[in-house]
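Please build the complex by placing chain L on the supplied structure of chain U, with the hints as guidance.
Protein chains: 2
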Amino acid sequence: MPKDIVVLGAGYAGINCVIRLNKLLKKNPDYQIHLMDRNPYHLLETRLHEAAARQAEITIPIAAIIHKRNIIFHLTEVIRINLNERKVITLDKDIYYDYLVIALGSKTNFYDIPGLKDYAFQLKTFDDTYKIRDNLKRAFAKAKSEKSPEERKKLLTIVIGGGGLTGVELAAEIAELVEELSHKWEIPPQEPQIYLIEAGETILPAVEKKIIDKAKENLIQKKVKISTSTKVVKMESGEVFIEPGGKIPAYTLIWTGGIRISSILKASGLEVGPLGRIKVNQFLEVENFSNVYAVGDNALAVNPKTGKFVPCAAQFALQQGRLVANNIYAKINGKPQKPYRQKVLGEVISLGRHLTLGWLALPGNKKLSFFGFLANLLKRAVSEKHLFLLWKESRHWVRAQGY
Amino acid sequence: MPKDIVVLGAGYAGINCVIRLNKLLKKNPDYQIHLMDRNPYHLLETRLHEAAARQAEITIPIAAIIHKRNIIFHLTEVIRINLNERKVITLDKDIYYDYLVIALGSKTNFYDIPGLKDYAFQLKTFDDTYKIRDNLKRAFAKAKSEKSPEERKKLLTIVIGGGGLTGVELAAEIAELVEELSHKWEIPPQEPQIYLIEAGETILPAVEKKIIDKAKENLIQKKVKISTSTKVVKMESGEVFIEPGGKIPAYTLIWTGGIRISSILKASGLEVGPLGRIKVNQFLEVENFSNVYAVGDNALAVNPKTGKFVPCAAQFALQQGRLVANNIYAKINGKPQKPYRQKVLGEVISLGRHLTLGWLALPGNKKLSFFGFLANLLKRAVSEKHLFLLWKESRHWVRAQGY
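From first to last, the protein sequence lines stand for chains U and L.
According to our numbering, the first sequence is numbered sequentially starting from 1.
According to our numbering, the second sequence is numbered sequentially starting from 1.
For the record, the hints were derived by calculation from the structure and aren't laboratory data.
Worth double-checking, as some hints may not be accurate.
To be verified - Below, a list of computed lysine-lysine pairs in the DSSO-like style, where the Cα atoms sit at most 27 Å apart:
(1) U/26 x U/147
(2) U/26 x L/184
(3) U/184 x L/68
Stated by the list, open to error - Using C-beta positions, here's what the derived DEER-type ranges look like:
(4) U/311 x L/190: 45 to 55 Å
(5) L/190 x U/189: 57 to 67 Å
(6) U/247 x L/134: 30 to 40 Å
(7) U/249 x L/245: 31 to 41 Å
(8) U/186 x L/38: 15 to 25 Å
(9) L/201 x U/55: 53 to 63 Å
Every residue, glycine too, gets a C-beta built ideally from N, C-alpha and C.
So that you can see chain U by itself, here it is in the shape it has in the complex (with noise of 0.2 Å):
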């Protein structure tokens, strides 16, 4: 009997992980990889925003992923994690391990805000984008016949909670597409209202001052009404409670102002640390269980040169998980592992279809900033770098494709 790698999760870690298993383990017949997720695909979650406003095709279907590689892929959903016993209890059938990758991502934060639940669009998957998008091209088609000027403006505003990079990626987006169905609509281009609402100072925190400026004057453009240190205190049917500043008429609220990990891991017995993240050490071993890692979202690792957590992104999940698959290759080879170490490779803002910002680290500690409209190049190469590690790893091209 093979001993069994089991990764939970086919988000960016994930799917890095068992693409470098797979190449390390290929010819060794003592050792099968798994793969689990509640879904048939791999959701380019960084691209989101853009489904959530057009036509975008952002999942690679598994079995392309898995097609010619040993990996055995179980499309269901985990229940808890038995760490005693060494198995994932799932919807259903239990999968055994022997070693674990934990890389399941993570949720929307409703942080208990009354009604958000309830009212609020997220976005965190591919069925949240068909939904905002379908609720936006109602909320339009509602308003040409509405007679009540009340209702009509209520139902032409749209209120995005969360300045992260979330939100303000979707504001850009959201702001194009209600250009265009006010086109379709024949409605007064200055009638829709979109609100930005960040808790916070600015709106997305950590990023360089310059790049912030430049995202506000564009989303400005765009008309975005943004309010900072403004806080989404309530909602109801059609209204939004904000501080300051009182009620907001909106038929639409998307909220994408934090994120959490699911709480099966703490049930599970995991230790677990701010927004239940697991505590791992500088390997991304779960402590007190050698064979189990926490990568990506789930992990609370810490940068040792900062000393600081680091934060939830892609670019890190994707350095997790091919870090945790080596690691696991070298433990099974009587190796030294490697500790993890946080490498920021740039930040990129897409602001619609036409405009990027961000940097991109280069050797020697440089940085390249780029602005405007000659970044959209750029910014292919950079959207499809994930993809170009895919193909690093498998040295045949997987690409987005509808589902």
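Relative to chain U, chain L alone:
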């Protein structure tokens, strides 16, 4: 105040009706045309089977259709029609009419077969196509890692209930999707099973025998198992019961075995016949309410030549939508109305991507039959006939767009 002409339903009949009305009345400020539908798009219903198996553009935004036309669109659902007060009660408002055209189309008829409504997929809406496709992809992903041979067989078994046009066209498309999924998941192509179950003596009843034989031959080539004179009598989770034949373990059942008209019409006091279709006279007027018309599936029109009811089919819906627009215009102008004369323009059956069968009516009571691969070009022409009709009315192309 202009008089209101309200058309309920943006299907084939309703769309054709409002476009014709708009053309006839566009210089007449005394009339306002209204269109109501629960979706902000016109669905190309005769192509649902394509979208169930692959990505196909089968919706046209209402905004594109009514652009620059004097048509008010109401995105809502009918709750009841008050014939005496001449108003349509909807989810969110009352719509008053001077003339009413009922073109609400049909729903799936489950004939109270136990379990069918709960466990079977249907194929009537855009959402249905996504659900079927998603379900099949999940079934194959699950089958790949399933250890129990019984469970695996169940996952790979698809039953289509109803061997009419929809069932036959769907079976062919699904056979092609199954082939593709088998290849992707490296599942031996002889494993998946597709059953087509028809209660009547033959598939495609009322179609020419020559065409039936060709269709059968092609389905058998595609490894579809056809059972005629066989009824679906019950469905439980993962099990379809047929008579004769007993139990088929199957993860997927798609029911295309019948249609019915919404009970709202009867409940509104309209006199209805078989399937709940509204009784109409030769001008498609509703008895006792000469300002109310029914068209398409909703109208129990009689073919005066044969004395038989006009079947529910897109081509007759298109004819009736246009006729009723003309009749309303005639009535307004004190001219005589024209009776409905059923014209069969042809029958076209698509069997997957590459094969089309059928015949088209030619002048002088002649028929052009076509079989085989070369009919594909003709198929495109025919499948776009509906769009062509819209174009004829509007002088600008309305193309199917992604939703």
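Each hint, compared with the structure:
1. Between the alpha carbons of residue 26 of chain U and residue 147 of chain U the distance comes to roughly 66 Å, so the proposed pair goes past 27 Å and is violated.
2. Taking the CA atoms of residue 26 of chain U and residue 184 of chain L, the gap is about 20 Å. The hint holds against a cut of 27 Å.
3. Under the criterion of a C-alpha separation no larger than 27 Å, the hint pairing residue 184 of chain U with residue 68 of chain L is consistent with the structure, at around 10 Å.
4. Between residue 311 of chain U and residue 190 of chain L the beta carbon distance is about 50 Å. The supplied range of 45 to 55 Å therefore holds.
5. Distance hint check: the CB atoms of residue 190 of chain L and residue 189 of chain U are about 58 Å apart, consistent with the given range 57 to 67 Å.
6. Between residue 247 of chain U and residue 134 of chain L the CB atoms are about 38 Å apart, so this pair conforms to the stated range of 30 to 40 Å.
7. Checking the proposed 31 to 41 Å range against residue 249 of chain U and residue 245 of chain L shows it is violated: the Cβ atoms sit about 58 Å from each other.
8. Our hint of 15 to 25 Å for residue 186 of chain U and residue 38 of chain L holds, since their Cβ atoms are close to 22 Å apart.
9. A C-beta distance of roughly 44 Å is found between residue 201 of chain L and residue 55 of chain U, which places it outside the suggested range of 53 to 63 Å.
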